[in-house]
Amino acid sequence: MRISKTWIRSIWIPIIAVFLGLLVGAIIMLLSGFNPIQNYSNMFIGAVGTPNAIGEVLRTATPLILTGCGFAIANSAGFFNIGVAGQALLGWAGGVAFALWFPNLPRIIMLPGALIAGVICGAVWSGIAGFLRAFFGTSEVITTIMLNYVALYGTNAFVKGVLAKGDNDYSPTVPVAARLRTPFLERLTQNSTFHYGLFIAIIAAIFLWWLMKKTTLGFEIRAVGMNPDGARYAGMSDKKTIILSMLISGAFCGLGGAVDGLGNYENIIVNDAMPSIGYDGMSVSLLAGGSAIGIIFAAVLFGLLKIGGLNISIMSNTPSEIVDIVIAAVIFFVGAQYIIRYALNTSARRQAAKNAAQVAATTVATAGVDSGPGDGAPDQPRADAIPPRQRGQKQPPVEQAPDHHDDDDGEAK
Amino acid sequence: MDLQVILLTLVSTTLVYSAPLIFTAIGGAFSEHSGIVNVGLEGIMVMGAFAGSVFNLTFGHQLGNWTPWVGLLAGGVVGVLFSLIHAVATINWRTDHIISGTVLNLMAPALGVYLTRLLYDGRGQTAILQHPLSTMTIPVLSKIPLIGPIFFTKTSLVAYLGIIISIYCAWVLTHTRFGLRLRSVGEHPEAADSVGISVYKYRYMGVMLSGFLGGIGGAVMAESITLNFSVTTIVGQGFMALAAMVFGKWHPVGAMGAAVFFGFAQSLSIVGAYIPFIKSMPDVIFSIAPYLITIIVLVAFVGKSAAPAADGSTFVKAK
Amino acid sequence: MADYTTIVRRGRVIRTVRTADESAEDLATMMVGRAINFALDKAPYHDGPAILQIEHLDVVDHNKVHRVRDFNLTVHAGEIVGLAGVDGNGQSELVKALTGLMPVTGGKVLIGGKDTTHSKPRQVIEAGVGHIPEDRQRFGLIMPMSEIDNMSMMQYYRPPLAHHGVRDAKAAAEMTARLNKEFDVRIADMHNSAGSMSGGNQQKLIIAREMSRDPQLMIAMNPTRGLDVGAIEFIHQQILNARASGHAVLLISYELDEIRQLADRIAVIHAGHLVATEDAENLTEQQIGLMMAGSGQTDKEATTNAD
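Residue numbers (the numbering used here), protein chains in the order written: chain A, 1 to 413; chain B, 1 to 319; chain C, 1 to 307.
Check each hint, because a few of them may be wrong.
The calculated lysine to any residue pairs, modelled on SDA-like cross-linking and capped at a C-alpha distance of 25 Å, are [as the list claims (entries may be wrong)]:
id : chain 1 : residue 1 : chain 2 : residue 2
1  : A       : K214      : A       : A177
2  : C       : K64       : A       : A164
3  : C       : K120      : A       : L344
4  : A       : K214      : C       : D189
5  : B       : K317      : C       : R138
6  : A       : K165      : B       : A309
7  : C       : K120      : A       : A134
8  : A       : K240      : C       : R138
9  : C       : K108      : C       : G88
10 : A       : K214      : C       : M175
11 : A       : K160      : B       : D283
12 : A       : K239      : C       : M175
13 : C       : K120      : A       : K160
14 : B       : K201      : B       : G312
15 : C       : K120      : C       : Y157
16 : B       : K249      : B       : A309
17 : A       : K213      : A       : V300
Sample of chain C residues facing chain A (criterion: CB under 7 Å; computed from the structure) [as the list claims (entries may be wrong)]:
id : residue
18 : V17
19 : P144
20 : M154
21 : Y157
22 : P159
23 : P160
Since the hints were made in silico from the structure, they are not lab data. We put the beta carbon where it would ideally sit given N, CA and C, even for glycine.
Just chain A, same shape as in the assembly (with noise of 0.2 Å):
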């Protein structure tokens, strides 16, 4: 089991983690000798000053997304999918290559169309991996992985061999039938390449709300991520659940892939390294715990720190890798949110520890009824019958509901 959903209440841990990853940087900036505040404000003014910045940051957004979603949606059936990017890659060329093939068909078919044909190529991709894991039990760690560099070096191989004209290293461009971009977007947005894939993205990341939430497949999908043990007892099919997991999720970065290739790009390119909505897409849906609202706004957010910090390296000496060590550091203490609810939790515990002082020391031993009505009633704490220590000690690794008590921690409600 990975990380869990968080109810709103834990929005704390992702703005916290953020703010210690800017801390983080703003520390290294120091050190090297630049300046973090002018910097931050830099890169603030350069992701929403304009509009064209700010078409730039929801262009951004926009794959992160929907490759957000599909890693979210593995990660809650307990799998890592590592394969985010070389699955988006197969869908960026599965996309590009319909546009490129049937170029005469009218809109209203072209765009689902080239869609539809990114999402199945990333799907298949994505299955792979999964058909390997229900069927033979095959780390999904190495095979996503081993995956991507096959997609890498094969799309590559495809888009000079099949799809480009010549010895260039770059498909033609689409046909504007296919285009996700149009001349009145580029109006509002001052010549941005912000397109119409953002509304996509969003109408896709509601469809995954919906899939986890309020249908039977996602709640099997959950139910296996949680306890394939239980899953199992109670009737579901682990190797049917984890195949179509991996297949929806390959679904989504496919269509991530497509979107980006159809409105960012409007062609393919020989890839000299893995396209970074990959791994972008995967720090997305771990800072948003993995729930469809968080990952749209965690996004937007990867676009204003992408965006703005391209301004960084524009208006002083500070390169622009600063901003992925940020990222970096942002999924660290995401990754290490225990220590930040520890520090939250200290507080609680100094208080519990006074309460202990106070329990009398003799040897009195206490029969409680389990059974009674009052298990978890908002007024009667539990607090006063169960010595402190136990508190400690039932902190669960997983998201508790908000009527826990003891967990009187300063989050917010």
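We have chain A already, so just place chains B and C on it with the hints.
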């Protein structure tokens, strides 16, 4: 091209390309035997490559021919320091091992290029190394008839060093007290704890060893293959080393063997132009071959039961 | 062991007494707030048709260890068969094989006349089997999920809880509220996680879930493990209710007292074999104990030893 030259080139290229993987895979084995999954080997290699390159460029004058070898140590030391991030996160702060490893992979290229720009006037890659780990002919062994000219002439000395180290490390893991305790911590930390073995200490050692060896692996890559450092120095070798470790069932010698095999697959794409049958195959087959082979091998030969039992678990010392 | 006992009920201290002055029954009454019925209300035994038929069952686990050997047992409608045995003699594997969680290597299992030897867990569930697992937190519940989700865990995919793959949250909530009341499951809010519930209430949730499906066969393994007196009484009564409604009950327990209290017939398992089946009143505790320890007798009348 006559057969002997082909074989020589094949062996030599194989060893050159497998050397980084050998060291890193052994390091990964140490980490996982102590119970800490380390997918961050890629990031550790990046930092090792960075450190090795910078050391090589900075101290090349003073140290002459010793430079690349000391550079390996520099890579190792930086790898240890970098791996501490993973160690603290997983051992003390209960981070999920895969997330923490991914953080290493995200942080390293960014940090490496950032520092490169600071050191070298805003450029994103270092200059070409002047004191690389070149191929060399081993004095006595290359005179052995038949195998001498193929295996010990113009070959990668550091790869042989890696092979020897893998055998030594296998011995350490199975025949020393240290190795036994390290493995116990990865198989059943609660039991190890109950007999007084410090789980935290041994896990730190496991991760730091993976940092040291992974850093060396990265430095080998930079000093013998790419001959500089940039964001494209390490592209998947860390993951390949991880796969080699799994392929070799977490045994240092097995991991070394798998690493050599992957090196061989990579060398085919270079030497293949000279081998009659192979040169007619499209280039892309060679690029993807190592990865495909890894998958096939994993599916066919490796089950989940081979990993240390408590690999990936979070150990919290009961009070 | 304690010199003094302080009784706490619903968060408030009731009384502190000298332990030696009170009987177990009085302590229990003070804890629960009402008299505990240690002697259960058992309806007379009506034999019905065979519901569960296990014939020559063999189960081998993935380490190639033979866990269940040539096991034969029949459970009829309206009876409780108690399977006694020391932990580790094949009970877990037997239950897993019956419920489709472990493959059967030999023999046959019939439920309601249908061959379910190689059925998958869902097929077994749909054949009308309720299963109270030995490890409620690992197998019986999904701790981070809400109480509603846990209550729906078996039926979530069919009407009224879902239509065409879409879940009906209202129907699930209604069902949960109804079952909570019927089976005295106490939780502050149905949307809270199962992990926030006490052990007794978790077990009552599982029983509510399984009983409400009206299964023709109920398999209960260590159903009162780790629970307090009040919960144990309640759960025992539920098992008897199942029997009274005409269901077949296979009760597997490491507590001999529990089996002797509830079972109509007692079977003993040792090293994967069925050692004996006998009407409960015909076996003394000592005889059962001996059989559990392996001084085996075959499936015939047990010879009476001197008590």
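Structure-based check of each hint:
no., hint, verdict
1, A:K214 with A:A177, "violated (35 Å)"
2, C:K64 with A:A164, "violated (57 Å)"
3, C:K120 with A:L344, "violated (46 Å)"
4, A:K214 with C:D189, "holds (20 Å)"
5, B:K317 with C:R138, "holds (22 Å)"
6, A:K165 with B:A309, "violated (53 Å)"
7, C:K120 with A:A134, "holds (16 Å)"
8, A:K240 with C:R138, "holds (21 Å)"
9, C:K108 with C:G88, "holds (22 Å)"
10, A:K214 with C:M175, "holds (17 Å)"
11, A:K160 with B:D283, "holds (12 Å)"
12, A:K239 with C:M175, "violated (29 Å)"
13, C:K120 with A:K160, "violated (50 Å)"
14, B:K201 with B:G312, "holds (16 Å)"
15, C:K120 with C:Y157, "holds (16 Å)"
16, B:K249 with B:A309, "holds (13 Å)"
17, A:K213 with A:V300, "holds (23 Å)"
18, V17, "violated (11 Å)"
19, P144, "holds (5 Å)"
20, M154, "holds (6 Å)"
21, Y157, "holds (5 Å)"
22, P159, "violated (11 Å)"
23, P160, "violated (13 Å)"
Checked against the numbered hints above, the structure breaks hints 1, 2, 3, 6, 12, 13, 18, 22 and 23 and satisfies the rest.
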